[in-house]
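Novice: Got chain F; can you put chains H, A and C with the ligands on it based on the hints?
The residues making up each chain are set out below.
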Amino acid sequence: MIYLDNAATTAVKPEVLEAMMPYFMENYSNPNSVYSFAQESHKVVDDARDTIAELLHAKGNEIYFTGGGSESDNWALKAAADAFSSKGKHIITSKIEHHAILHTCEFLEKHGFEVTYLDVDANGLVSPESLKTAIRPDTILVSIMFANNEIGTIEPIKELGAIAHEAGALFHTDAVQAFAHVPIDVQDMNIDMLSASGHKFHGPKGVGFLYLSNKVKIGSFVHGGAQERGRRAGTTNVPGVVGMAKAAKLAHENMEENIKKQIAVRNHLIDRISQEIPYAKLNGDPEKRLPNNVNFCFRFVEGESVLIMLDQKGICASSGSACTSGSLDPSHVLLAIGLPHEIAHGSIRMTISEETTMEDADYTVDSMKAIIDRLRSMSPLYEDFVKENK
Amino acid sequence: MIYLDNAATTAVKPEVLEAMMPYFMENYSNPNSVYSFAQESHKVVDDARDTIAELLHAKGNEIYFTGGGSESDNWALKAAADAFSSKGKHIITSKIEHHAILHTCEFLEKHGFEVTYLDVDANGLVSPESLKTAIRPDTILVSIMFANNEIGTIEPIKELGAIAHEAGALFHTDAVQAFAHVPIDVQDMNIDMLSASGHKFHGPKGVGFLYLSNKVKIGSFVHGGAQERGRRAGTTNVPGVVGMAKAAKLAHENMEENIKKQIAVRNHLIDRISQEIPYAKLNGDPEKRLPNNVNFCFRFVEGESVLIMLDQKGICASSGSACTSGSLDPSHVLLAIGLPHEIAHGSIRMTISEETTMEDADYTVDSMKAIIDRLRSMSPLYEDFVKENK
Amino acid sequence: MYSEKVMDHFSNPRNVGEIENPSGVGTVGNAKCGDIMRMYLDIDEDTKIINECKFKTFGCGAAVATSSMATELVKGKTIYEALEVTNKAVMDALDGLPAVKVHCSLLAEEAIHAALWDYAEKHHIEIPGLKKPKNDIGDEEEEA
Amino acid sequence: MYSEKVMDHFSNPRNVGEIENPSGVGTVGNAKCGDIMRMYLDIDEDTKIINECKFKTFGCGAAVATSSMATELVKGKTIYEALEVTNKAVMDALDGLPAVKVHCSLLAEEAIHAALWDYAEKHHIEIPGLKKPKNDIGDEEEEA
Ligand SMILES: Cc1ncc(COP(=O)(O)O)c(C=O)c1O
Ligand SMILES: Cc1ncc(COP(=O)(O)O)c(C=O)c1O
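Residue numbers (this note's numbering), protein chains in the order written: chain F, 303 to 692; chain H, 303 to 692; chain A, 6 to 149; chain C, 6 to 149.
Bear in mind the hints are in silico, worked out from the structure with no lab data behind them.
A portion of the hints provided could be inaccurate.
The calculated label-pair distances, taken between Cβ atoms and stated as ranges, are [unchecked claim]:
no.	chain 1	residue 1	chain 2	residue 2	range
1	C	D13	F	K517	36 to 46 Å
2	C	K127	H	A566	52 to 62 Å
3	C	E23	F	K389	36 to 46 Å
4	C	Y85	F	Q341	38 to 48 Å
5	H	G414	F	S576	51 to 61 Å
6	H	E411	C	V107	24 to 34 Å
7	F	E328	C	G81	23 to 33 Å
8	C	E23	F	E356	45 to 55 Å
Glycine included, each C-beta is placed from N, C-alpha and C at the ideal position.
If we strip away everything but chain F, and leave its shape as in the complex, we get (with noise of 0.2 Å):
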């Protein structure tokens, strides 16, 4: 099999496992307890605070364990608009946030916040000046994610951030692509809030966090008891937190290395694609891209029908976002790119990790090419584009 949904999710790593193992079974104890037994969960909850803390160069008690990237999405929006709400209650998107994010905005709007929602380029970049314009006196936070989960495109995220600070407005990053992925450093790109989840980079699932700024004062989002500094209730993910903190380790610990590694596999793929499929175009920012996304959209055929035909010869891949499918309509981020919708509906997203090799990119392009081959002799379309151009 070749696995390239990375950024749908990816497989704990041994070493992540086997971090994870002892807090199951042996020391399972809540690591709020007076007992003895309950310091080493104590002790190495506080470590992967601090493990987190040190690699996104913020202090260990501005990271709050959640579960997962979504939960932090939520927190950051609701509650800094809960508490901001008296000094303005505009807030500021992109209209290629992950749903975690643009789900959240319009539950926001129905509870009395306007959202403006900032076009992107053709590549998926929000312009900082798009925001200028945007912002106003009454803006009490910017949101824009740090990397497109369906394109991968990196954002500006310091001059974003920079003009948010100008205004006096909060800036949130949903980094959940990029952290653990690209360097972050959240005192240097103007950064108050950032929201990660474990299982985008070899961590468990079900367990992410929130980088919250001490200059930031928002409430919780998840009430009740005292954990995580009174900030986030429920007993702690113990095997979840220190999983996640040893894959970010992980990948930090060799993250140049497996940047250029991955640059060049994606890189092969998006070359030989665009080089041997006609009618294939490449989504995303050509440079400003995450190492391990490779996004194309294919004329004439429908994307379902490739990703089975991929999965028939042992590929798996994703059609816009994983959390999308079931939906009719094709990927917001792509519509907002400007793609047409039949456009929009054959595309492939391909997410490689450090595992991924130049052979299996090489299978990868060749079952594509004759997949997209068959699909075209299939298809409608095709053929009239075919009838016209004849």
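Specialist: For chains H, A and C with the ligands alone, coordinates are given in the frame of chain F:
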């Protein structure tokens, strides 16, 4: 080590961990993906849902996986309040709920809702009469815990639910301490929504569920992707839900037997302590009580010092709720059942599991006797008491 | 997610292709909603039996499989009998479809109807029970 | 959560007990907030040196340990020097306390002051810098 803090958290059972293992490194797929690699994870998640539903006499599509008990509580209360605010803004709960309910209610009070906190009697029971008196035409939601986490009292859920329904209000129960410990039938017991948490019954931490009757139309709490039929966003924690379902199943397979076994050990602890340690008072109802819960107040001594000394004898116990440690106030539950502050401070909770033996119980009582003696000899309150009663 | 029959008809679709000078041809669906089906019919002038049926489809696995199954089901039937090939018949023949994919079978039914309508119009006959299909590719421009 | 020194002074508290006919005795804290400390002092009439210091404490591990350490620190000091045994001195001697437990060390300081105050009142002397301690057990009734 004798672990008597199973209400704080439990050890994952070997069979549970075994059931989870394939979904970390081998079949790590996102269950919503199209490719066949995801079929198994999709199926095991569906199976987990059906397993849990069956145990509650619910339908599979009424079980929604969450990140834990606190999230389930927050979801039920906040989304119900949001959905029915046009019908009314009054909510009823009790004074002895977990903070995941109480702090959520405080949040709702800040957002325009009115909350009535029902008193309980000296055993911690909510009386159906008090609910009848408190309920109003604008009451939209009643939330009463199935069993209390500190004193183990089991509430008359079926009657309370019936009263809520008669008045046209929704009925939620926080069953975090009760699910997989005592039999629950949501249909028979008039339950519309029920919260549970995996790690309280030998499942993993960081995963829980909300039972939401198909009759209840409320929105999401975590907004985003279309997971959990569009009602709870976030990539499914496959090992987590598989482990939780396995743990629930195991608990129900042996439930009758386990309850008997635990009640025998529990009652042995209660009887010996009552008889052998003077000025010790059992908290909670002696009959309507969780099979695993023992909670005593020992006059003239303070809980934490008892805990440390128990720890020195290899016994893990707690004083009040684990998550309130660090707070200076004695448990709100003990105050609600009418204990004066200085007595509430001397509470010790011992929560057993099916693994706890009679020998463990005897060792615990023997240790406790010596510890209480020692601490009383150091206590100025005991000195005064003795002088006064000379 | 798909039944074995669906997978079989997707992987080895029957009757893919075009018919030169077809008796009737119909295209339904639109690229906006994601699926387009085109059906070609070769109909015996006298017996009104469908000798040949071919399709081309742009769409998901279910769209391809329902097209394929629909062509199998109408082949050999008269144009009057072909009306009985409903979306339910197609689904049943495929051992069912996921709920979100039921619309594909409706499209297959519509595609047959559209091809039959084209035939009926060209030959100035009326097929009892056949209504002019609505969802055709032309809608796309109107809606967009 | 506690340092080794704290654990040592909790497990083997020094100077637990009562003094018959003490020169001064003070009780501070209240059961509502959770900790009560009582200090007994035996003071040399002439030298004003604290010969003996005993305590009884109702409270958490930190409360017991700070009481124990406080008695150790004041023993052998004059009543004037004893004022220098601040909560910080007690904490430092214990290698620190968790943030939520700092109030225990304040209570220990107050307990010494209360016992000294009792001595000073009984003997009609004034100890420069010593103020009447506020938080004593009597507050409980007033507050409740
Ligand atoms: C009654 C009750 N409700 C809710 C919770 C919260 O569960 P969790 O910590 O798993 O979120 C707990 C556990 O502490 C509990 O005992
Ligand atoms: C950009 C982005 N944000 C948020 C999420 C949500 O993360 P999770 O599914 O772990 O809650 C995802 C993953 O699907 C994502 O790609």
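Novice: Now look at each hint and say whether the structure bears it out.
Specialist: Here is how each hint holds up against the structure:
1. C/D13 to F/K517: 36 to 46 Å: Once the Cβ atoms are compared, 40 Å apart, the range 36 to 46 Å for F/K517 and C/D13 holds.
2. C/K127 to H/A566: 52 to 62 Å: Because 58 Å falls inside the window, the suggested range holds.
3. C/E23 to F/K389: 36 to 46 Å: violated, 60 Å
4. C/Y85 to F/Q341: 38 to 48 Å: 42 Å Cβ-Cβ, so the 38 to 48 Å window holds.
5. H/G414 to F/S576: 51 to 61 Å: Distance hint for H/G414, F/S576 holds at roughly 57 Å.
6. H/E411 to C/V107: 24 to 34 Å: Given about 32 Å between the Cβ atoms, the range holds.
7. F/E328 to C/G81: 23 to 33 Å: Given about 48 Å between the Cβ atoms, the range is violated.
8. C/E23 to F/E356: 45 to 55 Å: Holds, at about 52 Å.
The structure fails hints 3 and 7 (numbered hints given earlier, in ascending order).
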